[in-house]
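Chemist: In case you want the letters, here they are:
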Amino acid sequence: MRHGKYRFIVSFLAVPLGLYVLFVVSPNVQALIYSFTDWSGYSDEINFVGLDNYARLLADETFWIALRNNAVLLVVLPVVTIALGLLFAYLINVGGARRGVVATGLRGSKFYSAVFFFPYLLSVAIIAILWRQAYSPRGGPVPKTMAAVGVDPPTDGLLGSPETALWAVIGVAVWHAVGFYVVLFTAGLAAIPRDVFEAAALDGANRFTVFFRITLPLLWDNVQVAFVYLGIIALDFFAIVNIMTPHPEAISNSTEVVAHYLYTRAFSGDINPQYGYASAIGVALFFLTLTLAAVMFRVTRREQVELG
Amino acid sequence: MVDVDRRVFLRQALAAGALFLPVSGMMASCATAGSGGNEQAKGEVSAKNPLGVDSSAPLEVITFAGGLKTTFPEVQAAYKKAHSGAKVTVKGMVNINSLQPRFASDDPPDLIDDSGAQKIPLGTLVGGKQLADLQPLLDAPSVDDPNVKVRDTLVDGTVDVGSYNGTFHALNYVLFVYGMWYSRSLFDKHNWEMPKQWDDFLDLCAEMKSAGLAPVGYAGQNAAQYVTTTLLTMAAKRGGPDVLVKIDNLEPGAWEQPAVGDAAAAIEQLAAKGYLLPGAAALEHTEAQTEWVKGKVGVYPNASWVENEMKSVTPKGFDMVMSPVPSLGSDDAMPTEALYASPGESFIVPSKADNVRGGMEFLRYMLAKDNAMAFTELTGSLTVVKAANEAVEPKTTGLESTQAALQAAGENTVTYIHNLWYGDMHKACTQAMADLLAGRKSAEEYVKACQQAADKTAADDSIEKYERK
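Chains as they are written, first to last, in our numbering: chain A, 296 to 603; chain B, 169 to 637.
Pulled out of the complex, with its shape left as it was, chain B reads as follows (with noise of 0.2 Å):
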């Protein structure tokens, strides 16, 4: 029986543990040691090859295998056939943020798609200047067209939200339609009409109140933002899209303006109401889905992603179909077909890439309209390509609905960015936001609680800060 008292021990296994730490320290500045810079992959530039990529250069793509689930075969076939010499890799991944080491070491891919719960907030890379800027790709000919700069075939915005002060950084791939989804077989069968004017939804939200239906969903958990984007976007119609660039940038009681105040009274009446899905604080955004989808919900106040997300266990004939926000009076500023329309799923090609040229070529295929209408046809999201988006036939009711709602919206289509650049602030109006709907914040509060958190993001000066028109 050895007898060494355990107390003993343990002080002498302490000591010894200090006499590694020198060691140790050591290996943490191994950690982080980059390899320097990386040589350019570059070829010669052609019509035929306008971003100059080297065709024998090997290309990485990362994409996102959360929410779409496409590794882009059609966009593979024509960069091996215009640059038969390359290798092309194109992975899935869901938890983007585990290329961490990657970007630590400087050895990160060559185009990845930065999205999904775990995805790197951009923020970040462009602090740390490791993303490409993207420019040379907007001013490449596209394509369909060599006559037609790739920047003219996108929809608007596109290169608003992709921009950080100017430099265009992020190539927001697909089209996000915002706005109060419902189940067409539902409506017809209560001979209900999605309204255009708020004081009418509010009529509507009684009747399916007491037809025994929850009038309102969402989820309080993890999705409550989808419901600010709803107030924002009635605040936008109101007061025109002003309202939005005020409050992205950051502008002093930017959230105090009467628009965003009379969004706020009209959320916080459903919930003064109890027009919203009882024990919707305690959902996620799929079991709240869950619950639409069932029959057990009027409307759910959603963006257009949630026809493909909800696919598997929407039942036959459901007909999910979308419209705008209502109005909040007659007299707003923007026509009640305004739509939140939002470019997401960033793509990104770093800036220490081994073959930034092959990003961008890749990127250039992907906004190819006949790859732009197979990315749409697969996953039933639109695109940030105009042409593509007008010539795709929708198989869906959804898809159908999105299509129709921005055409009719034409230019009027708003969108904000500060979600994606000020994380803290965005995170305490969805905070805020959860309690409006749960009834622990009046409207007041609500509006009190963003501006106090914009405010606190605007005087704190290592938070980098951009701007848009």
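Excised from the complex, chain A in its bound form (with noise of 0.2 Å):
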């Protein structure tokens, strides 16, 4: 019986791992060889030249930039989608007036959850184009909002000062992604008995305390699932940067990413394209990559909350 089993796994998987070999594991291990060659591309000489490429990684201050920002990414844009996601999943499901002891979500929860999901039905072309005209400094709506509300917003435009156009990019990918996590977090909600959250009524608990002791716990499988994509997401980020600021350059680089950093590297108009190096770049985000998926799995290994 055991060996039938993996022979019905083996009989499903063969056709999808054998395009995973080609369309993913050749490709990386192809990124590793080039990472070791001066490849430039185009040419069909290719000369081994080992280290060479991380060592000069190692010394190229824009990489290391690149690398910050995309530090920043991984701890601002999976604290905030999730904090925002379980906010409004929260309210729309649970944290609306009480009829008796039943606890229901707020007054149009449905047509909510409907608009926090739209923008993830979009693709992030569209998105980051849409956002690029919103915060135009030249009567784009969102400097138009703050000075209304009384900020100043930047003469140079939020996607022309150094200091806040990462912050701008970041929104962007916030307000992208947090309605997924509304809905994910709502069928999470779902799960969960409704009468634990009566026995807690009863109880006379407020709606902090609901959250905190009995909503966010029940969640915690959801939430660490959401950090992994959300981390996912943030070690690329190479659309929304590439459409909304494509020169990082004019911007003091401020929001140049490791992956548009590669992109750069080997496909800009201006700079000698260099596979090789722009490999080693590849490559040096791939195990960026996987440490973090190795810490995630480490720290999920938590064990579950039984609810019998």
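Just so you know, the hints here were simulated from the structure itself, not pulled from any lab data.
The calculated lysine to aspartate or glutamate pairs, modelled on DMTMM-like cross-linking and capped at a C-alpha distance of 20 Å, are:
| no. | chain 1 | residue 1 | chain 2 | residue 2 |
| --- | --- | --- | --- | --- |
| 1 | B | 210 | B | 301 |
| 2 | B | 297 | A | 339 |
| 3 | B | 633 | A | 565 |
| 4 | B | 624 | A | 544 |
| 5 | B | 616 | A | 356 |
| 6 | B | 616 | A | 544 |
| 7 | B | 624 | A | 565 |
| 8 | B | 624 | A | 355 |
| 9 | A | 439 | B | 455 |
| 10 | B | 624 | A | 356 |
| 11 | B | 287 | A | 565 |
Footprint (simulated), chain B over chain A, 3 or more residues, beta carbon under 8 Å:
| no. | stretch |
| --- | --- |
| 12 | 338 to 349 |
| 13 | 427 to 434 |
| 14 | 445 to 456 |
| 15 | 541 to 548 |
| 16 | 563 to 570 |
Label pairs and their computed distance ranges (CB to CB):
| no. | chain 1 | residue 1 | chain 2 | residue 2 | range |
| --- | --- | --- | --- | --- | --- |
| 17 | A | 589 | B | 483 | 55 to 63 Å |
| 18 | B | 616 | A | 425 | 35 to 43 Å |
| 19 | B | 627 | A | 585 | 34 to 42 Å |
| 20 | B | 628 | A | 520 | 40 to 48 Å |
| 21 | A | 520 | B | 335 | 55 to 63 Å |
Quick reminder that beta carbons are idealized off the backbone N, C-alpha and C, glycines included.
Build the complex: two chains, separate frames, hints provided.
Modeler: This is how it looks when you write it as structure tokens:
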């Protein structure tokens, strides 16, 4: 029986595994090989240069700036997105007025969940272009709103000032992602038996206590999943940066991220392409992502809360 | 319910992946395998066929479909007429660097307009010996007059800009003229005139500002380098064309020449006095230029492509025209008519192409006077064909002013090439320019940052160096 079970699994996985090897494993291995060469990408001349590319990488100022920005993203993006996602999910599902002892969502919660999810349905490219317009210092709604509420928007524009540009793109990413996590946490909340909330309500727990003592611990699994997903988004972050600030050097590299720097080194029209060096950046990013995944696996090994 | 533990499964999957590694390694070596040397198509050399084109060999041309959007129908017809057996394919493309796999596998097209934001930087192709030497084209008789060589029909600087350490690799077909662009009707309305001296220009800026305009426009996100051209043109006018030659040749202290410092100080004033378009640091070139044609900006430093680029959004009666960048002082080394004129749109013939001679022949027909004039009429851009530029009758105000400025400048045109040769240095200088315009750097700091970038490039042995005269 045990033997048959494996054959069963393998028969299902052969095709996807083959595709995975062809399109994921093989390019990764090729990148690793090219990272030890001086290949331009165009020439048929390839010389192995050992660890030269990696030595250059360590001395490359822009790479470190990009890495620092990724680190900021890695912390800020998941924390803010998850916090907002949890808050909205809680308000929509259990944070509303109580009918007797039954906790319900705010009025119009169905409408809100649709609205929150809507940005997630749009492609990142569309969103980035939309927000470029919204941030425009020449009459965009965001600076106008800021001025209306008494906050002076920077004269160089939110995307034109090194102090604000990164936060502006993070804002867009949060806006894009939060709807998905509202839905994820809503599903998580649905799995929590109502009587738990009722019992808490009968014991006189207020909304904060309910949230921090009951909702959050019972949603912890979902929160961890969200951390992994958002961490991966934070380590990539190519699309939004490339569309909203295609030339990060114009704003002191304040929005440069590793994936975009890699792209610049391989595909920019201004700099001689260096596929070998770009591959080295890619390999570095690969190991960073792997490390993050490993750390996450370790952290999430925690015991589940059993609900009987 | 299958109860394989997720972790155990993942571990096994990873191990399985490792087994495939050697196989992938073999595939990697396939990806870059070349097909070896190509047999060049060759025909009989004759008076009618000076380049010895094989009249039956197919020809594949890639044009840039982003800005100019022409596939040279007249040239195609002329080529087919001369080589009746040839199948000519001309295809427009936007992302020229998507030809990368064809270069890597030694199967490139015969002629490419390597232009646009996704162009292939030529240094890479020169370094890999992947570009044909276009010397035979320069020495071939021109289409219009067999007694005149192609070389002698070209605008000065065309050979310089396309040469890499003495070998001519790229024919830059379009002559881009840089200057201060403005709306003639707007200037007429206010009774303004474009000043010839910088101090007068600053006075005009003050007037424009009090009239509610942003005096000078630029786009910080992706086009701060237009202002670099303004700065370096002023420096060249002040100190002579050698100022730019020294910068291109990475001579020690080239950016610290007094003329460059003076020009940087002038640009710094624009930022310090608040004469730049507010918010320009966050704008891309099309956004900022749209503000300009909407009449919110007085002067926009730009090149002659702007007229065609903004055609669809420019209101009727805007009448954009250009005039040369102002002189820093009346004792400048070059006259105030001096212009920055640079051949652009690099047409290249890959050395591994099947029909190298055909690629050059197509270029020879492009350089015929009538075909160059047809190009100018279609795109509004001048070419590097001298006779065509003089003969063409401009249909737009922009082209008219460009042609007049070029005539007034005569021999006094300048250009720089380091932006094409040294990408990292160019990027660093553009970053410094963005900082200067946003007030994050002073003129001195700008010069220092550029000099540092130049020194870094000069000291880096991995960067191929070029020289110009």
